[in-house]
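Below, each chain spelled out in residue letters.
Protein chains: 2
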Amino acid sequence: MSIATTSGRASFTPERLKQFFEPKSIALIGASDKSIWSIMVNGSLRACDFPGAISYVNPRSETVHGQPTVPSLAAIGTPVDLAFVMVNTNLVLPILGEMVTAGVKNAVILAGGFAEAGAEGAALQQQVVRIANEHNLALLGPNCLGYLNYGHNVGAMPGVPAGKLRRGGLAIASQSGATGSLMMTYATRQGIGLSAMISSGNEAVLAVNDAIEYLIDDANTRVIAVFMETIRHPQAFVRAATRARAAGKPIVAIKAGRSEASARVAQAHTGAFTGDDKVTDALFKQLGIIRVDTIEELLTTADLFTKTGIMAGKRIGFMAISGGLCDMGADIAEVSGLELPAWSTETQQRLRDLLPELGEIHNPFDTTGAAVNRPELLAQMAAVLEDDANIDVLVVPNSYPEDGAPAEGFSKNMLTLIDQHVKGERIPVLIPENSAIDMQPGAQTFLDATGLKTAPGGMAETVRALGRLAAWSQAQRASGARQDAVQAVTAITLDGDPRGAWSEHQAHAFLAQHDVPVIPATLATSADEAASAARELGFPVVLKIASPDILHKSDIGGVKLNLRDEQAARDAFTAVMQAAREHAPDARIEGALVSPMRAGGVELLVGVVHDPNFGQVLAVGMGGIYVEVLKDASLRVLPIDHAEVQAMLDELQGKALLQGARGTTPADMGALADTIMRVARVAQGLGDRLESLEINPLRVDGSQIEALDAVLTWRNA
Amino acid sequence: MSIATTSGRASFTPERLKQFFEPKSIALIGASDKSIWSIMVNGSLRACDFPGAISYVNPRSETVHGQPTVPSLAAIGTPVDLAFVMVNTNLVLPILGEMVTAGVKNAVILAGGFAEAGAEGAALQQQVVRIANEHNLALLGPNCLGYLNYGHNVGAMPGVPAGKLRRGGLAIASQSGATGSLMMTYATRQGIGLSAMISSGNEAVLAVNDAIEYLIDDANTRVIAVFMETIRHPQAFVRAATRARAAGKPIVAIKAGRSEASARVAQAHTGAFTGDDKVTDALFKQLGIIRVDTIEELLTTADLFTKTGIMAGKRIGFMAISGGLCDMGADIAEVSGLELPAWSTETQQRLRDLLPELGEIHNPFDTTGAAVNRPELLAQMAAVLEDDANIDVLVVPNSYPEDGAPAEGFSKNMLTLIDQHVKGERIPVLIPENSAIDMQPGAQTFLDATGLKTAPGGMAETVRALGRLAAWSQAQRASGARQDAVQAVTAITLDGDPRGAWSEHQAHAFLAQHDVPVIPATLATSADEAASAARELGFPVVLKIASPDILHKSDIGGVKLNLRDEQAARDAFTAVMQAAREHAPDARIEGALVSPMRAGGVELLVGVVHDPNFGQVLAVGMGGIYVEVLKDASLRVLPIDHAEVQAMLDELQGKALLQGARGTTPADMGALADTIMRVARVAQGLGDRLESLEINPLRVDGSQIEALDAVLTWRNA
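Chains A and B, in that order, are what the protein sequence lines are. Letter by letter, the first sequence follows residues 392 to 1108 in this note's numbering. Letter by letter, the second sequence follows residues 392 to 1108 in this note's numbering.
Calculated directly from the structure, the hints in this document are not laboratory data. Worth double-checking, as some hints may not be accurate.
The list cannot tell twin chains apart, which means a pair is met if one copy fits it or any two copies do.
[Unchecked claim] Calculated cross-link-like contacts (lysine-lysine; reagent style DSS-like; alpha-carbon spacing at most 25 Å):
1) Lys669 - Lys1046
2) Lys425 - Lys803
3) Lys1046 - Lys844
4) Lys640 - Lys1022
5) Lys944 - Lys415
6) Lys803 - Lys555
7) Lys409 - Lys640
8) Lys698 - Lys803
9) Lys944 - Lys669
10) Lys1022 - Lys1046
11) Lys669 - Lys803
12) Lys425 - Lys698
13) Lys944 - Lys409
14) Lys803 - Lys415
15) Lys844 - Lys814
16) Lys425 - Lys409
17) Lys814 - Lys803
18) Lys844 - Lys669
19) Lys640 - Lys844
20) Lys555 - Lys844
21) Lys1022 - Lys814
22) Lys814 - Lys1046
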C-alpha cells in the first residue's frame, strides 16, 4: 500500500505554509458546471463562507456556477494564493507551466494516475516534482482531496459536510483523502469539532510533516490526528513531531502497515526483531505520538485531549446509576492502565451525609436506583466526588437525550442537574454516552447550552482513550521535567575503511578503548600461551576460537567452558583449533581468546542496527531464551538519553530478573543504563559506517557489568 | 459488585421455562395509573402486541390504563401464567402469599431493596427463596427489569423501544437490567435484531443459566449475549453452556470483575496464578464461550454470528475503494488472528479481464478511484472475489446511505449493484459501514429491501468480531470432530484421612503407583545408606532432605546437586541433616532422598488446585523463570481431554522451547499430554480431598518425561 518516493523535497517557511493553508484568493482550475468535482469544491468553499476571492478559470464558458469566468490563470490580474487544480492527469504538467508563467506558487492537485498507478504515473510524478523544485512550487497531492481549514473558513475540498460538521480544536492530517472523508463523517456523527482536515495524497511535494508544521502554528488547532501509510520524510517528520510535542499539541496517529511487518533477515539477532513496524512503535514512543489502530480510536482519543489537556495522573473516579456499567468501566480502566483509587474518608462521609443508607462505598461508585428517583442526589454526589484529591479525572456516563424518546425528559433533567452542581475546575469531569451511539442533533443543541464536557465514542472508548492520554501525559511530564540530556557525540576516527565483520578480539578491544566494560581476554596463539594466559587470569577460564570469519563459535565446538587448570587450557586450545580446521577450513584464525569464567548474574542483549529510514536503532533485551523465544526486547531510535534507557529496561517482560527475582543480586540500574548509553555513543560515533554492533551477552551482576561477547559489522561488506 | 448467594435453587423443566417466558396470560400486580412502572410495562406489552390476556390487579380502582381491574390475583378466575409484580419491597412477601393461594407459579419481581442492599435486604431475599422453594415458584428478580420475549411478543419489561427495535436472532441475558436496557439502545441504533432480553437481577430463583436454558430451546434465538457480574450457579451454568454449544448457539459474554482479580495466596506456585478471573477465562475457553469486555463488542460479535454462522476458516478477503481503509482493515485483521491469503491466479486473471490496467493485485484489494467512476466495476470485482476458494469470508466496507446527504444516491447505487452481482452463497459477504456510526432509519429501510449482509459497529469492530468468531468456529469444529474423550475416572482409595502436606517421598511413591512417571529415588536414613543408594542409581546423584514439613528445601540448604562419588554422597547426607537441625528444628525428618542427577531437557510445572467455585483447576506452565517471572501458564477446569491438554501446551509463550528452540530434543508432545492427563486423573480420583497437587518440575527431554519433584496437600489441614 505504501508509495515510497525518495524524491528530494523543499522545506517551506511558516509564512509560506500559512499562505498555502490560509489563502486570501483561490483560483479553481478546471471549473465547469459539468464537473462533479468543480460543483463540490465550489459548494464547499461557499458553505464554509470562504472570505477571499474565488476565480473560475475556464476558457470555454463565460460563467460557471453562476459566476463569471476568466480564460486563464494569467488573465486573473490580481495575486492568486492558491490554485485548486481539478484537471485530468494529462493536463497537470501544462497547468504547472501556466502557474509558473502567472507567478502562482501554491496548488492543490486532485488528479490521480501518478505514483500510485504504476511506473508511467511515477515518471509523470517525477516531472511534477522536478518542476516544483525548480520553481519553488508548494503542491498538495497529486491524488489528494485538498484540505479544509475550518478555523479559517477555507473549504478547499469536495464534499465538506459544513453545517453538520462542528468546529473545534482537532485537526486531521491524512495521506488518504478517502480515509479523511470517513473521519469527517464519524466526527460529524459524534459531535467532534474539527479545526482542519488536510489530505496529502501522494505527497510529491508537501507531506504530512508539512501539514503538522502548519497545524502547530495554527491557533485553532489543539491536537493533531494523523493517518499515514508511509512516513515519507523521516527526518522532517521527526522534526515536526518534536516541535508539536514542545508546543504541547499531542499527535495521535494511525500508521498503517503493521501487517506488512516483514522483519528483515539479519545476521545478528538484533536484526530479527527490528521489523519496520516495531521501529515505528519505538519512534512514536520517543516522540510522544499516541499510536492507535482505528478511526474511532483516533478521533475519540484526540478529541478527548481537547477536554482533558495534559492529565495530572492516571487515577480515575467512576460513577454510574448502573452497577453493570460500573463493573465494565472498572475492568476497562484497569486493562487500559488506569487506577481506581479508594475515595477519601472525607468523600465517603460527605456521600453518607447525602444518603445515610449507603453501604460500602467503592470506586467505581454505583449510585444504585436511588438516583433514578432523586436525580439531584446523583448530581450532588458527582460534585462531592470531583473534590476528592485521590483522583485526576471523573467519568460519569449518562444517556444523552434522544429526540422524542420516553426518557428524553429524564435525561435532560439529569444532565441539567449535573451541570448545575459539578464545577469541573480542579479536574475534568467527563460525561460520555453509555454506548457508542451517534450524538443526535437535539442532544447536541441541548448539551452545547450546558457547560458539560461530553466525550465521544461511548463509555468504553472514552475510558480506553483516557488510558492512552494518561500514559502520554506521564511521558510528557517526564520529558518536560528532565533537561534534554541527549549529548553531542564526537565522531570516532578509524584507521582505514573497515569492511565486513570484525573478530571478537578486535571488537572487544575497540569497545574497551571506548569505555564499554568488556571481560578481560588474552589472545593466545599456542597451547602454552593459552595455559599461561589462564594462569594469569585465574581459574576457571573460558577459551574460544578467535576468527573474524566464525560468528557462531559454539556451533562448531569452538568454545570450551569451565577450564580448571593449565592442562585443561592446553587441551582446549588444541581442541578448538582442530574444530576450526575441520568445520571452517577457510576461516582466518587469529588464535584463541582466554577469559575468566563468569557464573551467575543476568544476561542482556544490547545492539544497535542501521535502519534505512530512521538511522540507528538501539535494541535492549533479556538474553538467552528471552530474546530467542520470547522476543523480549525494547527498541529506540538514537539519539537517546539516560532516562529513556531506563524506560527501555522497564519495558522488558523479564525485568523482574534484573530486580533480583531469582535470588540474584539486584542490578544497579543506573550503572546499567550508563553502560548502555556508552554502547549507544560508540554506535553514534561510528555513524553511517556501522551496520550493527551487538553485545550478547552483556552480563549484569549487581553493579558488575561487562560484555562477554560482541560483534561489529560494517556497512561496506 | 457481585452479589453472592449460596441459596439452594430448584431446577425447572423446559416446559416450565416455556410457560414462564411464553405466558398466555399475565397479571400486573400493582397496576396503577399513578405508577410509572405500571404505565411503562403496560405500554411495552401493548407495543409488542402481547397476544394473551392481561389482568390488572388493583383493589382500589375500577379501571387502570383504561382497562377494568380485578381486586386480587384470586379474583381473576382463569389461570395466570405470569404475575408481573411492581409493588414496593415490603409488599413482596404478601404478594407471594397471594400467588400461592391463587395457584400462580411464576412471577417477575421488579422491586429492589433485597440482597443488593445490605444485610436486612439479604434476609428478606432469603425469605423469598424459602417461600419459592417450598411452593415451587419460578421467580425472576428481585431487583430486575423483567424480560422482553420479542419473538413471542411478550414485552414484560418497562420501556421496550418497540417499533424502533428490530426483530432478529440475538438474545440478551443480563444480570443487570440497566445494562440490558443500554444494550437495547445500542442495538436499536445499530439495527441489530433481537429475539429476547432477559434481566435476572438478584437471581433469587431463576438465574442466567435458566435464561440460557430457555433460549437454547427458543427457535427464534440463534446466538446468546450474556452480561454477568457473578456466576451464581457454576455447575448449572456449565451445564447450560455445554448444551448451548451442542445446540450450535454460541454464547458471547461479558463477565465483569477482571479488576477484582485478587489472586489467592497459596502455598504452591499454582495457587499464585489461579485468580478467579483467570479460571473464568479458562472455563469460558473450554465451554466455547466468547469473552468480550464492552457492550459494543458483545452485540456486534453476537449479531455477526447470525450473518456468518460457523466460519469455515479464518481466511478473510477484504476490498475497499479507499486504500487507507484497506490498510487499516489488514492491520486489524492480523492483530485479530485472521489471515489475508493471496488471491488465486484465476481471481487475478478475472480481475484483470475486468480492468486491464490493474497493477499488482493484493489482499486487501484496493479498487482505487476506478470504482468511484464505475460503481458496477466494483460490484463485479466483489463477485469475482467471493468465488476465490482461498478465502472464508469477504468484507466490503461501504458507506450506508445517509438521509439527504449529497452521497446518498451514490451509496444507494453502489449497494444496489453489489446486491445484484454478489451471490453470498459460498461464503458470507459482509458489508459493514466504514466507521462506527448509527444505522439511520432510511438506510435501514433501503438495506432491508436488498439481500445484503450488513454488519454492525463499523469496519474495525466487524473485523475484530470476525477474529473472535473464526477462533470460536475453529474450536467448535475441533470439539465436534473429536469424540467426547473425557474418560470416567475411578475414585482412588486412601488409607485413612490424609491431612496437611505429604512429604516428597510419599508424594512420589503415590504418583508412581498411579502411573505418573517419577524420577527414581531411594530414601536413605544414614550416610552409608546414601552412599550405597547413590552407587546403585549411578553417579552423579542429587540428595535432598526428606520431610513433610520442609517444602522449600533448597532455601535451607537441604539440596545437594551433582554428587560424583560415594564420599560426596556421604558428606551431602551429613550436611543436609545438619542444615535441617539448624533451620527447621521442629520438622519431622524421614531421611534424605537420593536420585540420579538429570541434565538438559525442558522443565514444566503441572499442578491441580481446588477452586471453590469450579472444582479442580489444572495449570500447566513452563518451569523456572517462566512461571515465576512471566506467569506463563495455561489453565483449564477438570475434567479435560487429551486434545485440550495439547491446546494448553500450545498456548504457552515458551512453547518453542518444547519444540527444540534451544537445541534441545523436541518434546514428544503426545507423550507429554498423556503424562499431564495422568496427573489430571490422579487429581480427579482424589476429588474433594485434594487441596493441591503440584509437580515442579516435570522434566521433558524428547520422550523422556518424569516428575523431579512433587507436592501433595490435603484440604483437611
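Status of each hint after checking the structure:
| no. | hint | result |
| --- | --- | --- |
| 1 | Lys669 - Lys1046 | both (20 Å within a copy, 23 Å between copies) |
| 2 | Lys425 - Lys803 | between (48 Å within a copy, 22 Å between copies) |
| 3 | Lys1046 - Lys844 | neither (40 Å within a copy, 48 Å between copies) |
| 4 | Lys640 - Lys1022 | neither (33 Å within a copy, 39 Å between copies) |
| 5 | Lys944 - Lys415 | neither (70 Å within a copy, 83 Å between copies) |
| 6 | Lys803 - Lys555 | both (22 Å within a copy, 21 Å between copies) |
| 7 | Lys409 - Lys640 | within (18 Å within a copy, 59 Å between copies) |
| 8 | Lys698 - Lys803 | within (21 Å within a copy, 37 Å between copies) |
| 9 | Lys944 - Lys669 | neither (29 Å within a copy, 44 Å between copies) |
| 10 | Lys1022 - Lys1046 | both (13 Å within a copy, 13 Å between copies) |
| 11 | Lys669 - Lys803 | neither (47 Å within a copy, 41 Å between copies) |
| 12 | Lys425 - Lys698 | neither (44 Å within a copy, 42 Å between copies) |
| 13 | Lys944 - Lys409 | neither (60 Å within a copy, 74 Å between copies) |
| 14 | Lys803 - Lys415 | neither (43 Å within a copy, 38 Å between copies) |
| 15 | Lys844 - Lys814 | within (11 Å within a copy, 47 Å between copies) |
| 16 | Lys425 - Lys409 | neither (32 Å within a copy, 64 Å between copies) |
| 17 | Lys814 - Lys803 | within (18 Å within a copy, 47 Å between copies) |
| 18 | Lys844 - Lys669 | neither (36 Å within a copy, 36 Å between copies) |
| 19 | Lys640 - Lys844 | within (19 Å within a copy, 41 Å between copies) |
| 20 | Lys555 - Lys844 | within (20 Å within a copy, 29 Å between copies) |
| 21 | Lys1022 - Lys814 | neither (48 Å within a copy, 44 Å between copies) |
| 22 | Lys814 - Lys1046 | neither (43 Å within a copy, 54 Å between copies) |
Comparing the model with each earlier hint shows violations of hints 3, 4, 5, 9, 11, 12, 13, 14, 16, 18, 21 and 22; every other hint is respected.
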